[in-house]
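One letter stands for each residue in the lines below.
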Amino acid sequence: MTDKLQGTSIQISSFLVGFAGFACAAITFGFYGKPTPADAGLWYFYLLCIVSFFLGHLFFFRTWVNNRKYKSVKEIIRSVMVFSIPVGAVLIPELFGFIKYLPEQTLAAYKIAEAYIFTLYTLVSLNLYMKLLMMRHGAGKFKFIQGFYLLLMVASAYLLVRAHLPSWVILGFYAISAVGIAFLTTRLSWISLVNRQQKTAVAMLLLAINCVNSLLLFHYLTERGTFMLSVYALPEVIFMAAMGFSMVYALMALVALLFYFPVSDIVDQQTRELEGLMEISESARQRESVNQVFDRMFSAAMRDTDSYAGWLWFKADEQDAIVKTKNVNLTQVSSFREALVSIIYSSGANTELLDVPVLQAYPQLASMSNGFRSMLALPIVFGNTELGMLCLLKNHEQGFDAHMTNMAKTYVNFAVNAYENQQVLEDTLRNEHVLEEYKLARQIQQRLIPASLAGQNGWEAMTYLEPSKEVGGDFYDSFVLDEDRTAIIIGDVSGSGMPAALHMAEIKGIFQSLTAFKLEPKELIARANDAISACFEKNRFVTLIYLVIDKKERKFTYIRAGHCPVLYYQNQRNEAHYVKDEGLGLGILRSPVFKNHVHAYERPYQQNDLLVMFSDGIDEAIDPRTKEPYGYERLKNSLCEAIRHETLDKVMKAMLADIKRHVKDNRELDDMTMILLRFD
Amino acid sequence: MEIIERYEDEILTILLKGELDAKSSIDLDETIKMALTQEKTRIIIDCQHLSYISSAGLGVFISHLDDLKAYGGKFVFYGMNVTVYNVFEILGLHTIMEIVRDRFEAQTLMNES
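These protein sequences, in sequence, are chains Z and R.
Residue numbering for the first sequence follows the working numbering, starting at 655 and increasing by one per position.
Residue numbering for the second sequence follows the working numbering, starting at 353 and increasing by one per position.
Everything labelled a hint here was simulated from the structure, so no lab data went into it.
Nothing here was measured: the structure is a model prediction, and the numbers come from that model.
We put the beta carbon where it would ideally sit given N, CA and C, even for glycine.
Wrong hints could be hidden among the right ones.
With beta-carbon atoms standing in for the labels, derived distance ranges [what the hints assert, rightly or not]:
| # | chain 1 | residue 1 | chain 2 | residue 2 | range |
| --- | --- | --- | --- | --- | --- |
| 1 | Z | Pro1258 | R | Gln400 | 39 to 47 Å |
| 2 | Z | Arg1101 | R | Asp361 | 53 to 61 Å |
| 3 | Z | Arg1257 | R | Thr447 | 19 to 27 Å |
| 4 | R | Thr460 | Z | Pro1104 | 50 to 58 Å |
Taking lysine-lysine pairs in the DSS-like style, the calculated list, with each CA pair at most 27 Å apart, reads [what the hints assert, rightly or not]:
| # | chain 1 | residue 1 | chain 2 | residue 2 |
| --- | --- | --- | --- | --- |
| 5 | R | Lys375 | Z | Lys1093 |
| 6 | Z | Lys1123 | R | Lys375 |
| 7 | Z | Lys1192 | R | Lys369 |
| 8 | Z | Lys785 | Z | Lys797 |
| 9 | Z | Lys1192 | R | Lys385 |
| 10 | R | Lys392 | Z | Lys1192 |
Work out the full structure: start from the sequences and follow the hints.
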């Protein structure tokens, strides 16, 4: 804030110094006429006034111009034009001879005012052209321009000391200025920044400036002697350098702009296209909604094709259609679109461009396009599906050339790409979310299934459970019934993945509550069937084994409800066999009749007898090469082989290793569960 | 999986060819549902070319058991290979479903009731 204030105060004081210099010079002139070097002190005072006037204003305008934020070339040139108006205003009465009617004293004042206005114009235009020169150029150009200024200042300073210069110095100054001006005037690359909408305005402004400049030049040439230099007493070289530059530069700019006109369209189109694309991609980059991206695309296409009216219809899957219109009735759009779609797709040809003959050829369009005489219709296609359409309309014929068509196509493609990218991104995020959910579900399920069975007293057990997906329908659990008895349950909900896992959780709850009632196994299973029948879908069922170990009686009772049979190893006989007994899965018969299908079996056990309970994921595990399932026989053999290991842990590892050898790298496995149970 | 229907003498025969997995179970379910709406409740399942049945496939038959019974119809299976039969047997389905050796037996059984 203080910097700004300081800057402003310096600016104002520089203006005041300049103006004071001018005022003093004018007063001196008014009282004494034009001083000569012979007037000694007065002459130097006069010179000082002139130089401070010149430099003060130069500095003021320089900072003023530099501090202003010009948005376009047009604004800069308009500033020059504005400052040229007072010049024209004072010159015209003089050139037409009106001023000779003024009284003598007033005439002098008029001349002084005129000199002031010319000087301001020169300094302002000099600075503004410098601004133009700086456009699109680097530091090298800047140094050159500074050099030009310096030259003006050095010349002024030198004049302060030596009033009259030798003619060769003046000549040399002219020569250097001429070279500098010639060099600077070729630097007109800012012209390419003049866009189509502005170029006519800029040309007119330049024309006006050049008219004023011509008047100024004419005035100078006709009244050479009485021109402002007679007031300044400065050698005309300095002023001429600045003035000459302004004049020549304005003229060159006008000429260059006229030559540039024919090619400007193409440059323009490319620039606009680039800007439009940047706009669309920027909006996509900032993750704006599809709606916003297409909104930008629509307005860019409308603007850059100079369309009078238009509409955009876009429908992404499962969302409401996005409809944008300009100067078109919203209710017409859908019927308009349908008519267009049928025409474009039925013809199969490249009919994006529909001019009056085409519009008239289709009565349904002609009636709807009320008054529009050319139309550009672009289908918005994503992959192979048509998602919508962009339609641009104009009141005159042949409103769309090939460039515009291409540009509109590019915009549409860009917007579609942006949409596509966004879809991919959203899908990725959604998938990540789902994976995260699955991870959580897995953690929860792992907590539902105990790592080891409870109540291992008089027997020991090892468990293994590997769901094929993150979660699965296999489960096992154990419940301590009393001091001597423990119930073990292993089961499998039909199906796999999340639905099976949810049912599995339900089953755990059912058994947790039923075991608390201390029911007979048969009764318990019947009630479990009732509970499952009540809440499971009809096509879903559960198979399980319910096993109760009684260590006091040294026996186990079990019910096989449609589950894989238990593999029973009898230590004394050193032999294993499957205990095949009758039993129906749960949730299959949903009536009291089910109870007739429940069979409980009781068996005594000996020390070191071993039970293997497993799910069908084990016996149905496929060898991907031979397509052969693992099968009951392999499992039995594997147990007989592994039984030599001392600890249960090692037996389990050996058996699992055998299964792994069989399935190799098969990734399409079912949930696998296995429990080894050995009696003490 | 190929599902071929044939309706004659008021008996609907559904021939299953290939593997009845989770995906083809949905088609089979549709087929049976459609048959029920047409009151074709006497259904013979030809399993001669059924090589594998998943739990979802079993689920389809199980889910329609009660409905069929309510309409006075039933399923009769025939021509199962050992693998498929074992699946039915382990689950205990052989005790509640009628599974016979060949078409003749199936037809006889169907006409008995």
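Structure-based check of each hint:
no. : hint                                : in the structure
1   : Z:Pro1258 with R:Gln400: 39 to 47 Å : 44 Å, holds
2   : Z:Arg1101 with R:Asp361: 53 to 61 Å : 57 Å, holds
3   : Z:Arg1257 with R:Thr447: 19 to 27 Å : 22 Å, holds
4   : R:Thr460 with Z:Pro1104: 50 to 58 Å : 52 Å, holds
5   : R:Lys375 with Z:Lys1093             : 25 Å, holds
6   : Z:Lys1123 with R:Lys375             : 17 Å, holds
7   : Z:Lys1192 with R:Lys369             : 24 Å, holds
8   : Z:Lys785 with Z:Lys797              : 13 Å, holds
9   : Z:Lys1192 with R:Lys385             : 13 Å, holds
10  : R:Lys392 with Z:Lys1192             : 20 Å, holds
Of the numbered hints given earlier, the model fails none.
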